[in-house]
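There are 2 protein chains.
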Amino acid sequence: MTTAPRTGVPAGAPIDDAEVAALDRWWRAANYLAVGQIYLLDNPLLDRGLVAEDIKPRLLGHWGTTPGLNLVYTHLNRLIRERDVDAIFLAGPGHGGPAAVANAWLEGTYSEVYPHVSWDRDGMRELFRQFSFPGGIPSHVAPETPGSIHEGGELGYVLSHAYGAALDNPDLLVAAVVGDGEFETGPLAASWHANKFLDPVHDGAVLPVLHLNGWKIANPTVPARIGREELLSLLRGYGHEVLTVEGREPADVHRQLAAALERAHDTIRDIQRAARERGALDRRPWPMVLLVTPKGWTGPVEVDGRPVEGTWRAHQVPIAETRQNPAHRAILEQWLRSYRPEELFEPTGTPVPGVRALAPDGPRRMSANPHANGGLLRTPLRLPDFRSHAVAVPEPGASIHEPTRVLGGYLVDVVRENPANFRLFGPDETASNRLDAVYEVTDKVFEGEIRDIDEHLARSGRVMEILSEHTCQGWLEGYLLTGRHGLFNCYEAFIHLVDSMFNQHAKWLKTTRGLSWRPPISSLNYLLTSHVWRQDHNGFSHQDPGFIDHVVNKRAEVVRVYLPPDTNTLLSTMAHCLASQHYVNVVVAGKQPVFDWLGPEEADLHCARGVGIWDWASNDDGEPDVVLACAGDVPTLEALAAVSILRKHLPSLRIRFVNVVDLMRLQDATEHPHGLSDRDFDTVFTAEAPVIFAYHGYPWLIHRLTYRRTNHHNLHVRGYKEEGTTTTPFDMVMMNDVDRYHLVMDVIDRVPGLGSRAALLRQQMGDTRRRARQWTRDHGEDLPEVREWSWSELAAPGHGRSPSTTANPAPIDVL
Amino acid sequence: MTTAPRTGVPAGAPIDDAEVAALDRWWRAANYLAVGQIYLLDNPLLDRGLVAEDIKPRLLGHWGTTPGLNLVYTHLNRLIRERDVDAIFLAGPGHGGPAAVANAWLEGTYSEVYPHVSWDRDGMRELFRQFSFPGGIPSHVAPETPGSIHEGGELGYVLSHAYGAALDNPDLLVAAVVGDGEFETGPLAASWHANKFLDPVHDGAVLPVLHLNGWKIANPTVPARIGREELLSLLRGYGHEVLTVEGREPADVHRQLAAALERAHDTIRDIQRAARERGALDRRPWPMVLLVTPKGWTGPVEVDGRPVEGTWRAHQVPIAETRQNPAHRAILEQWLRSYRPEELFEPTGTPVPGVRALAPDGPRRMSANPHANGGLLRTPLRLPDFRSHAVAVPEPGASIHEPTRVLGGYLVDVVRENPANFRLFGPDETASNRLDAVYEVTDKVFEGEIRDIDEHLARSGRVMEILSEHTCQGWLEGYLLTGRHGLFNCYEAFIHLVDSMFNQHAKWLKTTRGLSWRPPISSLNYLLTSHVWRQDHNGFSHQDPGFIDHVVNKRAEVVRVYLPPDTNTLLSTMAHCLASQHYVNVVVAGKQPVFDWLGPEEADLHCARGVGIWDWASNDDGEPDVVLACAGDVPTLEALAAVSILRKHLPSLRIRFVNVVDLMRLQDATEHPHGLSDRDFDTVFTAEAPVIFAYHGYPWLIHRLTYRRTNHHNLHVRGYKEEGTTTTPFDMVMMNDVDRYHLVMDVIDRVPGLGSRAALLRQQMGDTRRRARQWTRDHGEDLPEVREWSWSELAAPGHGRSPSTTANPAPIDVL
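Heads up: the protein sequence lines correspond to chains G and Y, in order. First residue of the first sequence: 1, per full-length UniProt numbering; consecutive thereafter. First residue of the second sequence: 1, per full-length UniProt numbering; consecutive thereafter.
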């Protein structure tokens, strides 16, 4: 520990010895329960000396951070009772699962949620046994932990989750413990700046507690070793007033921390009152606590002659050989008894009244606060009918719209109808993604300096923009987990940044699906635009369509992937996604102008089916020679252009045109709830005709999804390849061989017996393709016949018909 | 612009008007060339008025950041000449590709590297035309850009790359421009702390230049709007002395910047001299420059009545309609002429002597500095024979080692033999990953406070640990790109954090493979351990084996994936990877004790083959009834356990045992350079026997890789599924159905005609499996027959034979 002077906390001790003792009792009880979870199978109250059989055969868990988490929890309980605060608790060092579980059990919530872990001796034994035990609970703060919205696995997201939870919850205090290891991560470092996006009028407050216990697994932490002044400079630079609490003598630290939390709360209320009552909207530093206490505090000081408490050796299990080694077991027993469990628990195992008294009542208990179980608070979005913004499509391909721009108009209504529980998140791309119509009814929220030249920037608003995909994702997760709704819009090229965050959230959804006490939350909706086929300003350095592959590796019941091919299908898809619950929905759609293929009703039916034959583009009369299938807006355009070429030059070739919006429909019904039955699949794709599939992403995914289908051996997929440098859009398509010319050649190659006219056409296609490529190199734009192509050239009786035929599958309910 | 007082820069003007004019000439020339790249197809020197045909049909690129990059480059050139500095330039706002290209052309390097872009009028026309044009160069700073080691696509990595480049280059100055948009990203925010890992004695220096131009695509930047004092507090908290340069009058800014760079250089040399000559190793604040100038400076002030210069509207192409709209074209012409090109270029197009004079000579030109073309400087690692650390394996499965611990011993030699060009990187996991033997010969480098209790922490060392996977990856990339060698060790659970960084690096490798002037660099080596099957302390929140899938989506010529099943195979694999060039090698290997299967020679041969039949585990005599294949250490263990059960109970069943180390061997030779020929594949896996494949990762990848193989329809893969919560190792395996019992059942299900004894065994397996599961739940550890199983129970004549048979494929050269 350094001996730098404390700052910020008033010198006087506001609490008396009795209150110190009461706080210390709760803290000891929580620490006792935490150690019990890590070590004990039995003998939970130490009625007898510990024997080998009382100890778990495999010791897992993280002790080091636990006493600090318990300490903060203890003192928040005091603050909640003293000031009637509505608060939730986020444990950034979420490896400290024992702490969150211990406090939930002490508050009685754990036994309410899990009656088999009762509030007595038997329950305590089960509480201990289940921890990080086969069939039990994880060693982290987890979905299973009452009161948590923050998975404690991968570090770095506690502040962005906390800020997401605080948005639009003006009376909520979100306490967020930041570990000093986690402090080193990028996502956490960026998320300190979330305080520039917290509106003191309409949002609640976040109270960061940076817990400087000094050590990671095997190293000191950076913030603990840069000198206190430098650290304080950094934290003030992040926009905080820093209240330092430092010590290793419990009573002293209790006094300091109680005072610090009161002062922090006073400052928060002062900022909020000033903003709410006096319109004082200029940003002031929000308080935070810098808590400096030993790692593994109150644990064994030394084991086998080596210091443990206050060192990295306290990180996980400080005494490892407790089952085998009687000397180690004696240290453990001494450690457990040092908390004086007989003062904390009745002989029945229930906490004594003097401990229980610290817990707030009912939903004021942080473990029972409904904000930490957002499904309880969630109300459905008020969603206008997407048809009110749909574009008229008298015939397919005769008009052009920018899909996301039209979607922006729809989102105007969504924002208007849901002024306090829906937000848009994006890394400075909302306007670039052409959703800027929303600025008709709302603004981008920003608490930094606002100047006259700024547009659509205000102290409050529904749009959150920061150039950190991690922070956007964390905000949205926190917002959803507390029962609200949102949409993350992002360039497809950059979404891999949050691969691992998606992982954790998807696992959260999967796990909570099995927890009846956690009602569903809103889906996490991604709109990926500026996609890989239209990378105008973004060279060719990093984009890839692999986020879809990443998502599809997760459990089928929580993921959905949509590739709407035009404006109305995007509207319909997004309306479905916004209404849905407990999924991750990935919607990939371009922002560039594309032809309109389907009218509003056709689009809605097509999206509800997820996959369908487009009659107006087909001439197969039920018996196709070839199926031309596609998924994604650019592949759909190319596939239709290929159809127009084929039908012009080979009019007797019977082509079926299939478009896929809902990628999961391709899977077997046994693999995914959206999966088509084999019969439906065969009806659409046939059991024997060659299928040429033009796909937005890596072609392998289509093979994987259709692997068990009857006609799979006849499937030829063209999709995204890792190629090229700088390209125009069609050039990009050609470099990936997903162009109309290649698709025509594929058809000719795969349909037997087409004859010499087809052979000639095949040759022409190759020539035209080379000419098209050369043209882009000479002129910097596409060949006129590519630029000017339109489907309506082919317009003929029967076009403009609905996409519905009896061969199409029945609609599914995407909710 | 704010009017906060400047800090840190001496008041006096150290340079005279002539020098200001000279600097300004270079800057104007670079700006002119940048605007030309964005707009012009022809008329490069404006010999006549601009006409529509002179303008590109599609205008792409980022003007906003470009003048700032040009300004910094200009002044670095002055510093290089004045002080004979060895410097390279990293452009964080790498969208400003025109700047890097312009300066490289002005320095003559561009024409040296690309003779068709000559140093004259024709070359200038080609320089302009090729920019972001089909068949040309990307709009970003890219691998194609001479002098760059930093891909300008996804933002956030410039500081970690810069620090990686500076390591072990004591005389190098790495200038790193940080954009104020990029400043908001998590990876960038974390990487400021890289200065706590820069050894002033043995490493060079990094000079960060935070360019506060105030705007992103559509928003102000956070650092530009938090108030100057708060920003300075933050930057000082990051450990820097801040030299502010601010203005909008060029001559004034030239004077300030020249002085600031001199002062920064003085401070850097002072810190280095103090450390090197006087042993003053206590960390002092390193200098950085805060450069505050308008976005799109010197561009159009206003277009169509709206302010452009100094606003977000200058971000990309400030005047969009220049081809179609004569008024816009006139603004463009006026803008270009404002640089007075006639003063900057000879009528022939070559820069005038007054411009050329600013460029340093030869390799002192930042565009020609060999540090930015690391393959030129790379020397092969001195690699000891791995056999010197191999474990003796008199018979398979009779001994046990921790593979990564033994690897640690090998790395001791690598570190010892390569004291200045090899480093280990990891997020605080090197010891946890059991590589801590390296601390016998080196330390973890740390420039923060070091205390007595710390172990293996020193002011210099070969191990870099920070709890930021992004920073570790960035460091390693920077280190490799400047010609050195390294290894990133990471828990498999957390490696998805760098998915998108891997993407950019893989694309860099792929692109530079086609650039003959860039010799190969060392491979980026990942050791992923604490893998998903052995997640002891890490609950079940986030881990997944999908990084392999992510990697395999990249171009085959740059990625390699290895799954060594035991200690000697890990040693052999890692020795190969460390010697290799220009790949990304992903090695997945456990740290927990595993049986030794192969002796050193057998391991080496097996790894060189990549896939092979293990004779000692097979009894097929060339005609197997079934092939049991595996990849990964845990699947190998389970597959061998399954073999032992089968051979005991069904001795007449002819089993072939195949192990796969090099996953890419499964692919077709046409898809991957390591791919087996179909004939070799069929020889190993047979053309018709059922194949049961136990795999470390998601099973789909194995199907994908073997999709075109003869026997693929007979392949049944068991791999990782998204399941479970808390588990012991074998429990985890069982939840994923990759356990020995399931593998035995699979074999019985798929080999026809095995009869009643097999049916009985199948039933027993189901029973045992249920019992094993229940046992873990009752006892918290595995069933004794699982814990105590060993292959040597089956030991019999013929065991311990080499894995080589004539059926195995020939070794490949992995270099």
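Check each hint, because a few of them may be wrong.
Pairs count within a copy or across copies, as identical chains cannot be separated in the list.
Derived DSBU-like pairs (lysine-lysine); straight-line CA-CA distance at most 35 Å [stated by the list, open to error]:
#, residue 1, residue 2
1, Lys-648, Lys-510
2, Lys-648, Lys-196
3, Lys-196, Lys-721
4, Lys-721, Lys-510
5, Lys-554, Lys-648
6, Lys-554, Lys-721
It is worth saying that the hints were derived from the structure and are not from the lab. From a predicted model like this one, the values you see are computed outputs, not experimental measurements.
Structure-based check of all given hints:
no.	hint	verdict
1	Lys-648 - Lys-510	neither (50 Å within a copy, 41 Å between copies)
2	Lys-648 - Lys-196	neither (59 Å within a copy, 68 Å between copies)
3	Lys-196 - Lys-721	neither (41 Å within a copy, 41 Å between copies)
4	Lys-721 - Lys-510	both (32 Å within a copy, 13 Å between copies)
5	Lys-554 - Lys-648	neither (43 Å within a copy, 38 Å between copies)
6	Lys-554 - Lys-721	both (23 Å within a copy, 9 Å between copies)
Going through the hint list in order, the structure does not satisfy hints 1, 2, 3 and 5.
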